[in-house]
Structure formats: structure tokens, C-alpha cells
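Undergrad: Sequence:
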Amino acid sequence: MQTQQIFLFFIGIVALFGLAAFFIGRGKAQKVRAGGAEMYAQPDQYGWFTVISSAGPAILVGLAAVIAIATTGIDIEGFTLLATCLVVAGLGLMLGLYLVKPDFHARTAIETLIRYVLIGAAMISIVTTFGILISIVFEAIRFFQMESFWTFITGTTWDPGNSFQLSAGRGEGVESTANFGAVPLFAGTFMITLIAMLVAIPIGLLAAVYMAEFAPANVRTIAKPVLEVLAGIPTVVYGFFAAISVAPLVVDIFSPLGFDASYNNALAPGLVMGIMIIPFISSLSDDVITSVPDTMRQGSLALGMTHGETIRNVILPAALPGIISASLLAVSRALGETMIVVMAAGMRPNLTANPLEDMTTVTVRIVAALTGDQEFASAETLSAFALGLVLFVVTLLLNMVSVILIRRFREKYSANNL
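Letter by letter, the sequence shown follows residues 1 to 418 of UniProt numbering.
Do not take every clue at face value.
[Stated by the list, open to error] Mimicking SDA-like on lysine to any residue, the simulated pairs with C-alpha atoms at most 25 Å apart in a straight line are:
| id | residue 1 | residue 2 |
| --- | --- | --- |
| 1 | K224 | L329 |
| 2 | K31 | I136 |
| 3 | K31 | A109 |
| 4 | K28 | G90 |
| 5 | K28 | T112 |
| 6 | K31 | D44 |
| 7 | K224 | L328 |
| 8 | K31 | A41 |
| 9 | K101 | T112 |
Source of the hints: derived by calculation from the structure; they are not laboratory data.
Bear in mind the structure is a predicted one, so any value in this text is a computation, not a measurement.
Build out the structure end to end from the sequences listed, making use of the hints.
TA: Written as C-alpha cells, this is what we have:
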């Protein structure tokens with residue numbers, strides 16, 4: 001029997017066993033209750049506890065076997081595994097039925113199990129984050145053993161040079177010409193992100209205010225989903241739009257004015273990225289503004305304020321922590337964008353303050369370093385992990401700043417309304 005068939009057979013057997021355990025456990029609980037005993041839980045809850053006590057251990061045994069096969073390569077016969085799981089399920093069923101007693105709190109046991117399952121689900125994301133960070137840190141350390149950390153964070157030239165040939169052993173007697181100064185990459189990243197935010201935050205916030213405070217119900221019903229459709233468009237489509245339509249338009253506008261505008265420029269992807277991020281800010285800000293208690297609006301209007309003054313002096317200050325969170329979430333989204341930049345801004349590291357010139361970002365260089373026929377031990381490839389580590393730290397600092405700002409604005413608003 002093939003592995004896929006054994007897996008499906010295992011799932012079917014466990015499902016049937018669990019179904020039978022539910023009815024058996026519930027039936028026993030009903031009989032105990034019919035005998036006049038006072039039960040601490042409903043019969044269905046005893047049935048679900050019986051399912052957990054029988055099917056749960058069998059599933060854990062199956063998962064442990066799969067992990068052991070994947071990590072150690074041991075050979076476990078399919079029928080042996082099935083028989084073991086059935087024996088474990090049978091023992092669990094016997095234990096579950098034994099515990100179906102008037103003094104057993106099945107509901108408490110189920111709630112405790114659910115609590116541990118939720119804790120485990122939360123721990124998965126935390127452990128995954130730490131695993132990603134550790135893997136990046138170790139590879140970044142290998143890079144910094146080859147290149148100076150200070151040169152990396154302060155250098156103004158990014159040119160891998162012959163680092164690939166040297167790592168492959170084809171550069172004996174040749175001096176390295178590599179320069180890994182990350183300043184041009186981060187300058188390009190922040191330039192394009194700044195342009196995107198200058199577009200997305202005002203438009204997104206104004207759209208949210210309109211949708212929450214002024215739009216009729218029928219307009220809101222249509223306009224809000226249409227606006228959010230922008231968030232579902234693939235970034236490659238935005239990249240085509242930036243490269244084919246917006247970039248030539250930028251050249252056509254600025255060239256007659258005497259500016260030397262390149263078809264690969266930072267302004268085009270920044271504008272298009274801002275359009276892409278508008279739904280994030282608009283939708284989140286709309287939800288935050290809508291959640292402001294209506295009593296605050298009514299109280300402001302009762303004091304003689306106009307609708308506009310109420311929005312400016314009451315609603316927006318109350319919603320400001322959520323608006324800041326939405327804006328910084330959009331910043332994180334912009335920092336990680338790659339496809340639009342590749343297609344419209346190019347891949348040349350260029351340290352400039354002119355948005356009409358071509359430049360690139362950190363994520364673009366990470367992709368370029370990890371794709372193609374590259375030697376993994378080369379400084380060029382390992383530089384991707386160093387860039388990723390610095391970008392991770394920058395994002396972490398932004399999140400810390402956002403938490404501080406949100407806390408201060410919330411405390412200030414609470415103090416002003418005492």
C-alpha cells in the first residue's frame with residue numbers, strides 16, 4: 001500500500017473512531033444522568049471529551065511517526081503505524097469512558113485543552129519569527145566575517161565586483177574589487193517608501209473620513225469594496241503599470257521643464273506603490289474612525305461644533321492611535337515591496353536625492369543575490385542575509401516607535417478629556 005493510501009486510510013479510521021467515541025461517550029453520560037446522578041457537564045461535552053481522549057493520542061502518534069521519518073529517515077511500516085494508532089485510540093477510549101462519571105468536570109477539561117491549543121498556536125508564530133531571525137543572524141555573521149560591518153552600514157558604493165569568482169576559487173592572486181556599502185540601497189528604499197507614503201497617507205485618510213462620516217449607505221456599500229479591490233491586484237500588474245504608463249508619463253512631464261528624467265526612475269514606482277497602499281490605510285482607518293463611540297460625536301455637536309470641527313477636534317484625535325498603526329503597517333508593506341521597483345526603478349544602486357534617476361532597494365538586491373547561478377558561500381550571496389538583518393532591525397525600530405507614539409497620543413487624549 002502506498003504512503004498516500006496509508007495516510008488517507010489513517011485519516012478515515014481516526015475519523016470513524018472519533019465519531020464512534022462521541023456517541024459512545026454521550027450515551028454513557030445520558031445513562032448516568034438517567035440514573036438520577038447530578039452531572040457537572042452536558043452529555044455532549046462528555047462525548048467530545050471521549051473523542052479527544054481517543055482520537056487525540058492517535059493523531060499525536062501519527063504526527064510523531066511522520067516527524068521521525070522525515071528527520072531521521074527510519075522506515076516504519078504503514079500497517080504497523082496504523083495498528084499502533086488504533087491500539088492507542090482504543091486505550092484512550094477506555095480512559096475516556098472510565099472518566100465519564102458524575103464527579104468529572106468534562107467541560108473544564110475541554111476548556112483547558114482548548115486553552116493549551118490556543119497557546120500552542122500563538123507559540124508557533126513566535127517560534128517561527130525567532131527561527132527566521134536566528135537563521136538570518138548566523139548567515140549575516142558569516143558575511144561580516146568577510147566584510148567590515150562599519151563599511152557595510154556606512155559605505156556609499158555597492159558593487160559585488162569579483163566576489164563570486166573569488167569564492168569559487170577562480171581568483172587566485174587577484175585582489176578583491178568588491179564594495180558592499182549598503183547606504184545607496186537603504187537610501188533608495190527610503191526614497192521610494194517616502195514617495196509612496198506621501199501619496200497613500202493623505203488620500204487614504206481622506207477617503208476613510210469620507211467613507212465613515214459623509215458617504216451615504218448606498219455609496220459606502222459600493223465604494224468600499226471597489227476601493228479594497230486594489231489591495232487584491234497582484235504587484236506585478238502594478239509593476240507593468242508603473243513601467244509602461246507612469247514612468248514614460250513622468251519623463252514626458254519633467255523633460256520639457258528642463259529636468260533630466262530617466263525612464264527608470266524612483267518617482268514612478270513610488271507613485272504606483274502609493275496607489276497600491278491606499279486601500280490598506282483607507283480600510284484600516286475607516287474601521288478605526290467608525291469604532292469611535294457615537295456619543296462623542298453627539299456630544300460635540302450638542303456643544304455647537306460643526307461636523308467638520310467634530311471630525312478635526314474629536315473623532316480624528318480619538319482615532320489617531322489606530323491611524324498611526326495603519327500608516328506604519330503601510331510603511332512596512334512599502335519597505336518589503338520588490339516587483340514594482342524592479343520593473344520601474346531598475347536594479348542599479350545609486351546614491352542620489354533626485355527621484356527622477358534610477359535607483360534600487362534592499363529587497364531587490366536580496367532577490368538578485370539569492371537567484372541565479374550563485375556560490376552560496378560568496379560574499380555577494382551572504383550579503384542578502386546582512387541586508388535582511390538590517391531591514392529586520394529597521395522594521396523592528398519602526399514598530400517600537402509606533403508603540404511609543406500610540407501610547408503617548410492615547411495618554412494625551414485621555415488627559416485632555418478628563
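Undergrad: Please go over all the hints and tell whether each is borne out by the structure.
TA: Here's how the hints hold up against the structure:
1. K224 <-> L329: Between K224 and L329 the Cα gap is close to 19 Å, so the pair holds against 25 Å.
2. K31 <-> I136: Status violated; Cα separation ~59 Å.
3. K31 <-> A109: Since the Cα atoms of K31 and A109 sit roughly 21 Å apart, the hinted pair holds (cutoff 25 Å).
4. K28 <-> G90: 16 Å, holds
5. K28 <-> T112: Holds, because 22 Å separates the two Cα atoms, which is no more than 25 Å.
6. K31 <-> D44: Distance ~13 Å between K31 and D44 Cα, so the pair holds.
7. K224 <-> L328: 21 Å, holds
8. K31 <-> A41: 14 Å, holds
9. K101 <-> T112: 18 Å, holds
Hint 2 alone, counting from the list given before, is not met by this structure.
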